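As you go down the protein sequences, you meet chains A and B in turn.
When we follow my numbering, the leftmost residue of the first sequence carries the number 4, and every step to the right adds one.
When we follow my numbering, the leftmost residue of the second sequence carries the number 173, and every step to the right adds one.
Read the hints as simulated data drawn from the structure, not as lab findings.
Please note that the accuracy of each hint is not assured.
Below, computed lysine to aspartate or glutamate pairings styled on EDC-like, alpha-carbon distance capped at 20 Å [claimed, not checked]:
(1) K252/B to D25/A
(2) K83/A to D25/A
(3) K83/A to D37/A
(4) K83/A to E210/A
(5) K231/A to E163/A
(6) K252/B to D195/A
Note that this is a predicted model, so its numbers are computed, not measured.
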Amino acid sequence: MQFLIYRYDPQSGARPHMQAYDLAPGHGEHMLLDALIRLHEQDDSLAFRRSCREGVCGSDAMNINGRNGLACVTPLASLKEPVTLRPLPSFPVIRDLVVDMTRFFRHYHAIRPYVVDDDPPPERERLQTPAERAELDGLYECILCACCTGFCPSYWWNPERYLGPAALLQAMRFIADSRDHATGERLEFLDDAYRLFRCRSIMNCTEVCPKGLNPNRAIDRIRMRMLKHEV
Amino acid sequence: MKSVLTGLRAWTVQRVSAAYLLFFLLFALAWVAVHHPMSEAQWRAWVTSGGMREATMLFFAALLAHMWVGLRDVVLDYVKPLLVRTAVLGVLALGLAALGSWTALILIRA
């Protein structure tokens, strides 16, 4: 298989370039991450992140043939050659396919990704009904891989002030949580020109989410909750 | 204090105005289709008839509000330097206000 991989080493002083590789996938190597690990054995200067190898940690998000995805759950058989690999768009590149996630996690922390409840802790746990728990389905599964945020044109235009689909999906996860007591504050925080309302419903986020989630739907749900809150 | 036309409010204005624009356009097209062919005098009498003048004014007000939110979105996305952005938004606001005043004048005098 032929691969074209984005290479950039800031310490070398050289400009970024695409490097060609040839590789014959071995027995049992079905996923793109398997191929990357083999390529790394050939060329140990090639940098990429990986951890769980099964689509749970979200470390190996990258742009694969023009679409963001996770290398570990992308079958090699599904890819057209040459397989072109680039870092996540709009993220500052640290080296090769490794990007700086600082801004992404700053936006994530801004939405307060934890249940806010100032009441005294109960003796055992804060209970939910099955229906209340079901409200979190389609939200809690996000692994923060940033495939959606890195593929969102609104984020490309306003990466500093627009929170991006991943952070907004997480915001809805806590707005929808029956145990959270800060819904009003959360909605008011998001009600400005940039944090949420730069979303133009382009839906690239939903298109590329490797977990099959729908951040666009979550953003719509926040808007509807805001509207009810305002009325 | 929240700005009148930002965040949720701007989004609501854009959606409500879009709904009214669609409703008015469908209504006007249906009326024109039913009364076809229509002379200029008949058309003028219809536009200035009771309630229709106000509905037309509301249509243009909705159109201008819709344009303002849409154009402001484009400016926020693409024009980054604050001074240039303020100038562009100012020119846009003045242009839309002038268009609105002109339209109101035409409808009042008709």
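### Given pair status - D195/A, K252/B, alpha carbons within 20 Å
Answer holds: K252/B to D195/A is near 17 Å, not above 20 Å.
### Message
So if I understand the rule, the pair passes when the alpha-carbon distance is 20 Å or less; does K83/A with D25/A pass?
### Response
Cα-Cα ~14 Å, so holds.
### 20 Å limit on alpha-carbon distance, applied to hinted pair K83/A and E210/A
Holds - the C-alpha atoms of E210/A and K83/A are around 19 Å apart, at most 20 Å.
#### Entry: Pairwise hint evaluation, D37/A against K83/A, where the allowed Cα distance is 20 Å at most
OK: K83/A and D37/A at ~16 Å, within 20 Å.
### Task
Starting from K231/A, check that the Cα of E163/A is at most 20 Å away, please.
Judged against 20 Å, a Cα distance of about 28 Å means the pair is violated.
### Message
Can you confirm whether the C-alpha distance between K252/B and D25/A stays at or below 20 Å?
### Response
Given that 20 Å is the threshold and the Cα spacing comes to 43 Å, the pair is violated.
Hint violations for this structure: numbers 1 and 5, all remaining hints satisfied.
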